[in-house]
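Got two chains here, separate frames each, mind docking them using the hints?
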Amino acid sequence: MLTLRQTRLAWLLVLPTLLVVAFVAGFPLAQVFYYSFHQADIAFVEPPEFVGFDNYIFLLQDPDFRGALWNTLRFTVVSVFLETVLGLIVALVIHSNFKGRGIVRAAILIPWAIPTVVSARMWQWMLNDVFGIINVILVNTGLAANKIAFLANPNTVLWAMVAVDVWKTTPFMALLLLAGLQLIPSDIYEAADIDGASKWQQFWTLTLPLLTPALVVALIFRTLDALRVFDVIFVMVGVNTATRSLAIYNRQTLIDFQDLGYGSAISVAILVIIFVFVLLYMRLAGRGVRGED
Amino acid sequence: MRTRTFGRLVGRILFYLLVGFIVIYSVFPFYWAVVSSFKESDALFSPRPSLLPVPFTLAHYENVFTGAAFGRNLFNSLIVAGGVTLVSLVLGVMSAYALGRLRFPPKNAVLYLVLAMTMFPQVSVLSGMFVLLRELNLFNSHLGLILSYLLFTLPFTIWVLTSYFRGLPRELEEAAYVDGATPVQTLIKVMLPLAGPGMVTTGLLAFIAAWNEYLFALTFTIGNDVRTVPVAIASFGGATPFEVPWGSIMAASVVVTVPLVILVLIFQQRIMAGLTAGSVKG
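One line per chain: the protein sequences are A and B, in this order. If you read the first sequence in numbering that gives the first Met the number 0, its first letter stands for residue 0, the second for the next number, and so on. If you read the second sequence in numbering that gives the first Met the number 0, its first letter stands for residue 0, the second for the next number, and so on.
The shape of chain B in the complex, shown without the other chains (with noise of 0.2 Å):
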């Protein structure tokens, strides 16, 4: 009887160190960062650094929203994911509505032509799109990733947001259309405003995903005018490898990531709600 709980007890011990070790694994180097980033030059690269940020400075911040066009690129970021976003919610709903709820034969041809868009990778498009765009004169312009972002929001976006359509009460609708209601009245007054939930979620997975994406914003983009946040943050750099103003890089870096950490967080039930519908379900 003794053996098993002292057993029980190194058990237990032996899992919580497990959970202390998966918790450090996974904020420390964000952690770090941080750390770095507010951490005065020289101790930046003393042989024995703090693992607090002293001394303290905001040097790295201010040269950071001084010195190159952060500033401009953050503004760039913004309306390139935010517009992404909204284009990607709007057409999600309209397809979703339709795929979901209303009695529509090619659904499953429709659902399965968006899946095959996110089977194929952003690279293997990449020199018809540099076409595209081209074409359509938006090369090195905000409507032009944000047409091509489209690309990967999209099929998510229609994905979760039919599955969340399909998840609602039938007899809602029923209700209204026994009211009198038009299928399109019936989307707007009654759906729209049950799939709210659901918006917030494709909402912030679609912003994430334009926030973060490098490949394209590199490749279709000249200069600081159109730059998004991770090509400069990836640009980042001294004259010398010497030089590499590993400060600023971390202060900005810091900038771009607190924002989405503190998002994902306050959201983080319906995240995992969202990126496991997509998947699982389907």
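Okay, chain A solo, but in the shape it has when bound (with noise of 0.2 Å):
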């Protein structure tokens, strides 16, 4: 009586949560799919038409789309690892004992905090070709001769980004690792003192394959947010090739040009791609706790 009560209780308390999920999940999704086979404009000004696959097949041979990829890929696959190393380091330094862990943890929680809008800005005003604080570093030490266009080079500007990014997001990466790394009993450690292993073997041999679970979750985590970047980049430098994302020109085609259909089509492909990604690495997941059996 009192269970059947219970599952009654349930299903009354989960079903606003299940009917706004079908609002603003499920009714948006389903628009894109359904415009992605559609010719249409935004401001449906014309009734949409059905084309079939004509947006996908033009999305094949788009040489705008493959560019954002491809600045999307280099992105992604740069800050991400980039981030876990870091991150790693950082993780492992809060995880030993000594005087001042307090103020660092507290330290690298300030770039999360950090609305990305905010912190684009900032590197914005410190990238400054003329008056940046890095550009006046960097000449006044001698280490650059002349001051640096970092954000108008192309060949510089996405790996400003990716630098900004790396600041950003690097302490949410070691946050993750740092709770993966307090999950490792300690006496594992002291075994290996015992056999004489040194800190070096005891990093790669222990630590490590221990904290894979942790680190593909973390990896995850942060490559479908990379693969989705939009605010630093748009906010840094606006619409340009030499940095136009995914997201980006996801945006452009549907805001700037109106393009519904086509921008649904880009939408899912963003999707489809994301979703090759979380397979990768739930395989990779996969064989990594097989192999520690």
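A few of these clues could be false.
[Said to hold, decoys possible] Mimicking SDA-like on lysine to any residue, the simulated pairs with C-alpha atoms at most 25 Å apart in a straight line are:
no., chain 1, residue 1, chain 2, residue 2
1, B, K106, B, L262
2, B, K106, A, K198
3, B, K106, B, T181
4, B, K106, B, K188
5, B, K106, B, L171
6, B, K188, B, L262
7, A, K146, B, F266
8, A, K146, B, K106
9, B, K188, A, T2
10, A, K98, B, D41
11, A, K98, B, V22
12, A, K98, A, L17
13, B, K106, A, F274
14, A, K198, A, L209
15, A, K146, B, Y30
16, A, K98, B, F266
[Stated by the list, open to error] Stretches of chain A that chain B covers, calculated by requiring three or more beta carbons in the stretch to come under 8 Å of a beta carbon on chain B:
no., region
17, 63 to 70
18, 111 to 118
19, 127 to 137
20, 167 to 174
21, 196 to 203
22, 217 to 229
23, 246 to 252
No lab work stands behind these hints, which were simulated from the structure alone. Even glycine gets a Cβ: it sits at the ideal position worked out from N, Cα and C.
Rendered as structure tokens:
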């Protein structure tokens, strides 16, 4: 009797959430799929016209899409790699016992707490080609002969974006990895000490394998985030071919070009790309876990 | 023996250098924004800028609050972020109690449905959300932004609160049932007070996420009536690239960031627990 009442109550409690999910996720997603097979403008000047796979065929031949994909992949691979390495170093530092550990932990939370838009503008100011502190330091210390226009040069601008993203998101990586480190029992290190394994050996044979689950979760989170990068690039340099990411190209198509049909096809393509990455990591994680057995 | 202690000393020094580097790397950009926001314009553009805010001025802050509609933008951000937090918490607690404590057969199906929501990026529902808000007549409204933000606040609210509810001891509920309380009474009188800390964490995370959101706010608002702070800060500019009011931009940036930094530092333990509960365990 009680369990039946419980189940009924549970349905009542979950129902509003399910409605909201249907509204803000289900409906928009269905719209995106629907319009990706139509020719339509976002103002609905003309009624939408069914065009089958035309938008997708166009997408496969679109050099702008390929450029955006290439920019996004370069951005994602390099920034996630750097964040992982730096995040791991930071996590190991905070995990070790030393005086002032609380200060470090508080300090790394600051980039995490700062809105991406604000971080973009702060770095825009620091990377300013004439007055930016980074150029002032580079020139005054003799590291660079002349000031560098990081954000205007097509060869440096994407890497400047990577640098800003790494600064902002390394803390998140570090916190996730720190939580993973704290789950590793400390007595296995004592055993390794007795066996005479060096700290370096312990890191590669104990810490890293045991950290794999946390590492995979952190990698998934960060990769999905990096693949959808929009804010930092859009705010710092707007829309240009050297940095245009998939998300920026998607919004440009939808809002600036008012092309609801093709824009929706790009959205679906982004979903597929993200899905591929998730599957890849899942397989990787599966193999890592099985390898331990 | 002596070389060994010497080696240890060097190791110690290198370690603290690394610690120092991490702290400076994390804090300096924000420090520089604060310094720039209090510095007179001429000093901002000096070839050898001082690391301290000299000559000191409050002019940039006056500019920010008298010039554009920044006060209005702040108000909009508060309404939207506050509204999203409230709605996410109410829906989140209801669902999390059902998913974490009650006999509910499709439990996992619901949890994975909600998790799937976090997988797809905001931009890939941009067109659909645009259509939705227009159909509902919520384009360029606070309510429209609140509704659309639930897309990313609701999933982690439910996940974190569910794992939080699961962690509470069984005996509490059983005692309430023995006393003849109904599940609804148990939720309100027994579970809700205990869920307080979990709600503070998730509420804070939801607030920060909504406060910082840019893409939806940029796309679903026109003009300053509804426009939130990130959109305002991103579009702060002068007539030409040479007139960019860096002092004012930094002042506005500091105004929106300081409350967040303070909140995060006060609740750092909670936030770290919340961030990791949703990911490591899940």
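Each hint tested on the structure:
| no. | hint | verdict |
| --- | --- | --- |
| 1 | B:K106 to B:L262 | violated (33 Å) |
| 2 | B:K106 to A:K198 | violated (44 Å) |
| 3 | B:K106 to B:T181 | holds (21 Å) |
| 4 | B:K106 to B:K188 | holds (24 Å) |
| 5 | B:K106 to B:L171 | holds (22 Å) |
| 6 | B:K188 to B:L262 | violated (28 Å) |
| 7 | A:K146 to B:F266 | violated (41 Å) |
| 8 | A:K146 to B:K106 | violated (59 Å) |
| 9 | B:K188 to A:T2 | holds (20 Å) |
| 10 | A:K98 to B:D41 | violated (41 Å) |
| 11 | A:K98 to B:V22 | holds (14 Å) |
| 12 | A:K98 to A:L17 | violated (48 Å) |
| 13 | B:K106 to A:F274 | holds (24 Å) |
| 14 | A:K198 to A:L209 | holds (15 Å) |
| 15 | A:K146 to B:Y30 | holds (23 Å) |
| 16 | A:K98 to B:F266 | holds (21 Å) |
| 17 | 63 to 70 | violated (count 0) |
| 18 | 111 to 118 | holds (count 8) |
| 19 | 127 to 137 | holds (count 5) |
| 20 | 167 to 174 | holds (count 3) |
| 21 | 196 to 203 | violated (count 0) |
| 22 | 217 to 229 | holds (count 6) |
| 23 | 246 to 252 | holds (count 3) |
Checked against the numbered hints given earlier, this structure breaks hints 1, 2, 6, 7, 8, 10, 12, 17, 21; the rest are met.
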